[in-house]
Amino acid sequence: MELQYYLILSALLFTTGVIGVLVRRNAIIIFMCIELMLNAANLAFVAISRSLGEATGQVFVFFVMAVAAAEVAIGLAIIVSVFKHRETINVDEVNSLKG
Amino acid sequence: MNAEQILFILFGAVSLIGAVAVISFRHPIYSALSLVVTFFAQAGLFLLLGAHFVAAVQVIVYAGAIMVLFLFVIMLLNLGTLSVKGAIGGKLKGFAIILGILLAIEGIYIATNVLNNTAIASAQPATAAPNTTTYDIGELLFSKYLLPFEVTSLILLAALIGVIVLVKRSSNDSI
Chain A
6 MELQYYLILS ALLFTTGVIG VLVRRNAIII FMCIELMLNA ANLAFVAISR SLGEATGQVF
66 VFFVMAVAAA EVAIGLAIIV SVFKHRETIN VDEVNSLKG
Chain B
622 MNAEQILFIL FGAVSLIGAV AVISFRHPIY SALSLVVTFF AQAGLFLLLG AHFVAAVQVI
682 VYAGAIMVLF LFVIMLLNLG TLSVKGAIGG KLKGFAIILG ILLAIEGIYI ATNVLNNTAI
742 ASAQPATAAP NTTTYDIGEL LFSKYLLPFE VTSLILLAAL IGVIVLVKRS SNDSI
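Those protein sequence lines, which keep their order, are chains A and B.
The first sequence runs contiguously to residue 104 in my numbering.
The second sequence runs contiguously to residue 796 in my numbering.
Be aware that a few hints might be false.
[Claimed, not checked] Derived contacts from chain B toward chain A, CB cut-off under 7 Å, selection only: (1) P649; (2) L668; (3) V675; (4) A677; (5) I729; (6) A732; (7) Y766.
Simulated from the structure, these hints should not be mistaken for lab results.
A virtual CB, placed ideally from N, CA and C, is assigned to each residue, including glycine.
The shape of chain A in the complex, shown without the other chains (with noise of 0.2 Å):
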């Protein structure tokens, strides 16, 4: 298969992720879409790695799936210490900040 087909693809996934932490309200699905952004950053990463013939893509996979590992570890330590305190994790209602 051409590159730009995988490069497609790894679009649609990505923007996919991006409808989703605009559209939905659940902290929770919010971190699943931006999984899917990884993801789909992956994606492009492995197939132009196959396209130049070296691993060096395949490496910088290995960082993000690190990078994304501590990231859901913090991020759902953070959403069940918000639902203890506030008794719900819609983003909308989580605005103490002001934001």
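Since the structure of chain A is provided, determine the placement of chain B on it from the hints.
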């Protein structure tokens, strides 16, 4: 159409449908399970690209560890009834979807046109490239990218300490 194209269309369609299902299901559990489907389909795409080790790590780390963490938190918080009301919405929903479509068009434009003039496009065609093995990845990871690798371990340590601090503080006194 050869087998690779058929498999690409299959895996690509499944991952896109799974991604759309993630943002359209109202219940978080269904979204999480759709995300697992997407991750498996992407592991298939990684296999098609010859990245066998990345595909294995995708299934083990993403579909295994990270999604179990998500499901665990969803079930721990028992969000079933809370999150369904007003799950999708906000005043700017239509605006967000229009901007998303514009972003998709930009991404497709970049993927099809702009890359034609770069080093990536002028590289050897994909069929000539051999499969990158685990050996290649490990060699790069422990020679050229040794410093980023060590920094990654620091990130994981920071995340570990951060989570412990967050959970301890919220259990001792209410913030």
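Exercise. Taking 7 Å as the limit, does the beta-carbon of B:A677 come near enough to a beta-carbon in chain A?
Worked result: violated (12 Å)
For this session: Let me know if the C-beta of B:Y766 comes in closer than 7 Å to any C-beta of chain A, holds or violated.
Result: Result: holds, 5 Å to nearest chain A Cβ.
For this session: Please verify that hint: B:I729, Cβ, nearest Cβ of chain A, below 7 Å or not.
Result: Interface hint status for B:I729: holds (5 Å vs cutoff 7 Å).
For this session: Have a go at the B:L668 hint: is there a Cβ in chain A nearer than 7 Å to its own Cβ?
Result: violated (10 Å)
For this session: Return the status of the interface hint for B:A732: holds when the least beta-carbon distance to chain A is below 7 Å, violated otherwise.
Result: holds (3 Å)
Exercise. Against chain A, is B:V675 within 7 Å by beta-carbon distance?
Worked result: holds (5 Å)
For this session: With chain A as the partner, please determine if B:P649 meets the hint condition of a C-beta pair closer than 7 Å.
Result: holds (5 Å)
In terms of the numbered hints stated before, the structure departs from hints 2 and 4, listed from lowest to highest.
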